[in-house]
Amino acid sequence: MVMGKGERKSSDVLWLVGLLLGLVWSVIVPFVSPYFLATHTVAVEALGGTTLSMVTAGAFARLHRVPLLLALGAPLVAVVRASPFYWWAGKRYGHYIVDIFAARSPHAQKMARRTEVLLKRLGPWAVVFAYFLPVPNGLIFAMSGWAGMSLGVFLLLDLLDAFLYSLVMVALGYFLGQGAITVARLVDEYAFVLVTLSIVGLVLVTYLRRYRRSLYPLAKERFLGAEDKDDMNLHSIESKYQDEGNLSHGLREHHLRPEALLEDLERAVDRPAGSSVAVGIVSGSLKEIFISLDTQLGNSSESSFLRKYHLGSFSSVLTATYLGSCVSAGAISLNESWSNESCEDREDIPFGRLATHTSGLPFLPWNFLYKTLSDVNSPLCCYNEEDLFRFSRRRRRVSVGYRYSNVGMSLVGLSLGGGTLEGYKKGIEEAVLAPLGMDRTDFLSAGHDERVNGFRNGKRVVLDPSGPFTPAMGIVSTPRDLMLFLKSSIDPESSLLAEGLRLSQRTHSISKDSSFAMGLGWHIFLGRQGTWLYHEIRSQGSSGVMAIHPQRGWGIFALSDCGDTAMQVSLDAWVRAFLARSVAYD
1 MVMGKGERKS SDVLWLVGLL LGLVWSVIVP FVSPYFLATH TVAVEALGGT
51 TLSMVTAGAF ARLHRVPLLL ALGAPLVAVV RASPFYWWAG KRYGHYIVDI
101 FAARSPHAQK MARRTEVLLK RLGPWAVVFA YFLPVPNGLI FAMSGWAGMS
151 LGVFLLLDLL DAFLYSLVMV ALGYFLGQGA ITVARLVDEY AFVLVTLSIV
201 GLVLVTYLRR YRRSLYPLAK ERFLGAEDKD DMNLHSIESK YQDEGNLSHG
251 LREHHLRPEA LLEDLERAVD RPAGSSVAVG IVSGSLKEIF ISLDTQLGNS
301 SESSFLRKYH LGSFSSVLTA TYLGSCVSAG AISLNESWSN ESCEDREDIP
351 FGRLATHTSG LPFLPWNFLY KTLSDVNSPL CCYNEEDLFR FSRRRRRVSV
401 GYRYSNVGMS LVGLSLGGGT LEGYKKGIEE AVLAPLGMDR TDFLSAGHDE
451 RVNGFRNGKR VVLDPSGPFT PAMGIVSTPR DLMLFLKSSI DPESSLLAEG
501 LRLSQRTHSI SKDSSFAMGL GWHIFLGRQG TWLYHEIRSQ GSSGVMAIHP
551 QRGWGIFALS DCGDTAMQVS LDAWVRAFLA RSVAYD
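The UniProt record's numbering applies: residue 1 is where the sequence shown begins, and numbers increase by one.
Calculated directly from the structure, the hints in this document are not laboratory data. None of these values were measured; they are calculated from a predicted model. Glycine included, every Cβ here is placed at the ideal spot set by N, Cα and C.
Pair ranges (Cβ atoms, derived):
#1 Arg-460 to Glu-336: 40 to 50 Å
#2 Val-29 to Ala-108: 15 to 25 Å
#3 Phe-132 to Gly-177: 20 to 30 Å
#4 Val-29 to Gly-177: 19 to 29 Å
#5 Val-29 to Glu-266: 49 to 59 Å
#6 Leu-155 to Arg-267: 35 to 45 Å
BS3-like, lysine-lysine: derived pairs with alpha carbons at most 30 Å apart:
#7 Lys-426 to Lys-487
#8 Lys-110 to Lys-120
#9 Lys-487 to Lys-287
#10 Lys-487 to Lys-425
#11 Lys-110 to Lys-459
#12 Lys-459 to Lys-120
Assemble the whole structure, with the sequences as input and the hints as a guide.
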């Protein structure tokens, strides 16, 4: 549960300064410790808590040059020095501190999800064994604070964790004995060479990573040359997700019977009390099927068909459709760079890169955290359009590979709206929502918490207005409206947005490993069964997925007002398996 709300506090600044100093110290220590490792081992242990210093201290303890208890106890303070800051960050800022970590890269996002799963399975034991788990321990500490663990309990468990880690490392040094001491003396003797090589290696690795990303600009031709690949064979996907999603075989026998679908869905997902799941299906003959799991409104009732859900990340697909309609109308070009009246300069990034997440812009802006300290319960509202434009105006390399960016998609929407959020809302309503008949789709606002429920970790969460990030994550809608969008996406000719929908579904870029391509907003997967368009529906209080196969006329969305990772995984698995069977029976 997130603490307090109000103006930025001095404790917020102290926390930020303390955390930054801890990070700087953790960077400096590895480069300084080699000079003192062999001569001042215990001091290096106490100040740095490095693994090599603990192993060396264990070796000295075996030769009776260092007391064993001192070797075990010296690194405890150093190991836990930053832990309370991470705990406090989770306690104070809740899921936002986790989202900022996940914004670093797709790998970081995967680590955040894995940490959430581990914390649910292990509970407090995740803190005790934090240094032995294959996830960042700082993320475990932050999530512990977010989950409501008290500071006293956390410090006790963290000290136990540090002692276990120290015990293992010191025991290793004790076992190695003279061999570890010999290595320590070599490190001390060649400290300058080792430090120099480490710095050169760090610079070289950073350069090579950036260079490798620059080799993957927009490459439609390369993707179209990969038609014979079967990277996304949906039968293999079904097998891959079978265990993860806890799927049954009932769907294979009954397939499109609503009763069988409802029964299979109920077995596949584990819903917290009070949450709901809605599924909409359009079959090959454009037949509509709607089912829901809703204890409050009644399964598959008319009311559940009109229930409001936060679309989260799927908002970017609607914004990209808005872009496609503007391009098809000749108002702008995908090669045209974004601009706005409030900025003197403009970033040399075309709309095509922003809408395909190949702009090089991050998931969230780096200046986001400090700006949000003034109201931790509605942090997105503390960040305005000018803040976003100021951040995005900075020059950066744009020839990079795929990197999902809420910043990029927000710039698309705001630019189409003349640089203002109100202009974007009016524009997308006129260009997309009204032509498709999506009259119950609107935008997350301060009063939405009464109409849109969201759950995470078994608790109701506040759905914050998204401010300038509304084009990327701030749209709310109903299953009825999503069904209209699904039908129009499968059969664009039947809608008033035919050209815009077709443009958004074309391949405009490719990921660096050729595993998927990007339309405008859509992720595109190509296998022997044809082309599938896919996107998650995900936020702090919702999860789900939408997938369509335009050539075969199949499409499905599944969404829930529960934002837990387990719900996202199970819905994703259920949808993929359903699509695999649908293609097999078509």
